[in-house]
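Engineer: So you can see what is in the structure, the chains are spelled out below.
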Amino acid sequence: MSLPQKRFFRQRAHSNPLADHSLEFPSCPSKMDWSEHFPLFFTKLGERFNDEENSMKTKKKVEFADVGCGYGGLLVGLADTFPEVLSLGLELRAKVADYAHKKILALREQNKSTGKYQNISIVRANAMKYLPYFFEKGQLKKIFFLFPDPHFKKSKHKWRIISPHLLSDYAYFLAVGGLLYTVTDVAELYEWEIKHLSEHPLFMRISNESLKGDATVDLILNSSEESKKVTRQGGDNKMGEKYWAVFQRVEDPFIKLEKNTPSEV
Amino acid sequence: MTVSPQKNLPQFLITHPTDLSKLLVGYSCLLREFNLSSFNYKEIVAQTFKQDKRNFGLLVCACYSNSGDQVAIVNNLKELVLPRSGVKVCFSKDNKSILVADKAGHVINYCIEKTEITQKILVDTLSTITDMYLSVSNYLAVCDREGRIRVSFFPNAYHILSYCIGHEGAVTCLSFTSSGLRLFSGSNDGTVKLWDPTNGKELFSLEPFSTVHKHKVCDLQCSASQHVCVCYEGLSVAEVYKYSLTTEGLETLVCNMFMCVTLILNIFQLHVQSINTNSEVLQTVFDVENTLYILERCPPYITSYQFLEGFFSESSSEYLATDCYLSDLQ
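These protein sequence lines map, in sequence, to chains A and B. Per the numbering used here, numbering through the first sequence is continuous, rising by one, with the last residue being 277. Per the numbering used here, numbering through the second sequence is continuous, rising by one, with the last residue being 876.
Simulated from the structure, these hints should not be mistaken for lab results. Hints should not be assumed to be uniformly reliable.
Residues from chain B shown here face chain A by an in silico Cβ test under 7 Å; the list is partial [to be verified]:
#, residue
1, H705
2, Y709
3, E714
For every residue, glycine included, the Cβ atom is placed at its ideal position computed from N, Cα and C.
With the hints as constraints, model all of the structure from the sequences given.
Structural biologist: As structure tokens, then:
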């Protein structure tokens, strides 16, 4: 099977996340049939693996989520760097999701002997509305937002994937201690993201200095198609600069405060 | 100004949190507080900080504060104290905040400090909110037309406690049990589900009608005595179930042969008390002492049922059956 060619999968860059797309999603996370995405790790819903080794695998859950994964560049990088972890990409645009899906299938076919790329997959989904149908509380260890659509106009700000209220959702799916990665070439979007993430009580920034040389940071800066395009063409300010940040999901400070202050009679 | 004699019909009922003799009835254009013991009513006049207003425009919803001395009203004109196209309104436990859920998916917290009101957006689902409930245990539950139920803490509503996922249609109504530890929800998929809001687990699902002809649940409410009353869109019956703490499910309610008529046989053979009314039931509400009020579309509009000896029996309240014409207002 050969890799798909992008020219057959052209799609408009923007997609309205608030529209009612005809998307498929499970009625709840426990009813999701993950065997369609990770056939080596899951049996069809209802069946069981017979042998000991394989039944251990079905206890695995998706731990890394790439929101707006585009053409799947980061996922391919994650497959190599984290072979034991199941990573899932979410993409709203139909043709782009289709391309990434075909790419993953082709890679799996080409690497049958080594069994690589069995731990990554993509689902066509609207992350702003339907995440609760796919993931459970605290399931994710890492969540990625690489080069999200900036939606420059003020009236379109509510379409931005990082917004104060969506952050509450992401904090719900991330386990305490989990990490949120974001990178963009648009300075204004970066300021917006940093502002809302810093203001959100459940997230705390990890300084960029402390993460120099981190494998995941290297992936977010260089592995996706968009990041390569920024390097080639210069990005938003034509300097090829990529602004990135990593935040950690922390415990709710409000609850800690309540526990410490003596209750009034 | 000529006003055509439009009928001003009762739209919603609110029971008083402490005083059993008071009942708030919202009509299309006015609000009356009925005193059940003295058989009369008084009109509620809105006090904005600018002037007293009598004409409300079209009323959408209202609620009592927990002390019963204040009423928050939401209308469609965005002119009152709470200028929002609200769907549901409720007071917080300390009476210092009013929460309004609107059609755009926001829950706004209005803090009342003397004469100043500051507002803050607490929650922003990206879908129309259909119902909201603040429990005594300070959990805020919000449901929307996508079928999701989001339970968060209050006032730290950024901290989501759980998502109760399982309904296959819009969730239309929510009700916490009196302890605030369990949540009932009714949906357009025809089911009533019981959830544990601390972890989002579905404990029980009730589908009283056969799957061939499902009926959308339009309202449900829990009483302090572990009863839950459910009404369905287009149906002139209100179903009362008893919630069992041990089995975490709904049990049969002891029913009297005279009162109980099983409408449609369901496969579980759950005998419930079915209260038949003359017309489509719009809303049901319990008061503090478990008297059940049912609001229907046609006269006699509001009937009340007292819980005696194991089942609900009708008590007369004919004076409540008034519809009034707009010309009455002048």
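Engineer: Run every hint past the structure and note whether it holds.
Structural biologist: Structure-based check of all given hints:
1. H705: holds, 5 Å
2. Y709: This interface hint holds because 4 Å falls under the 7 Å limit.
3. E714: holds, 6 Å
Checked against the numbered hints given earlier, this structure breaks none of them.
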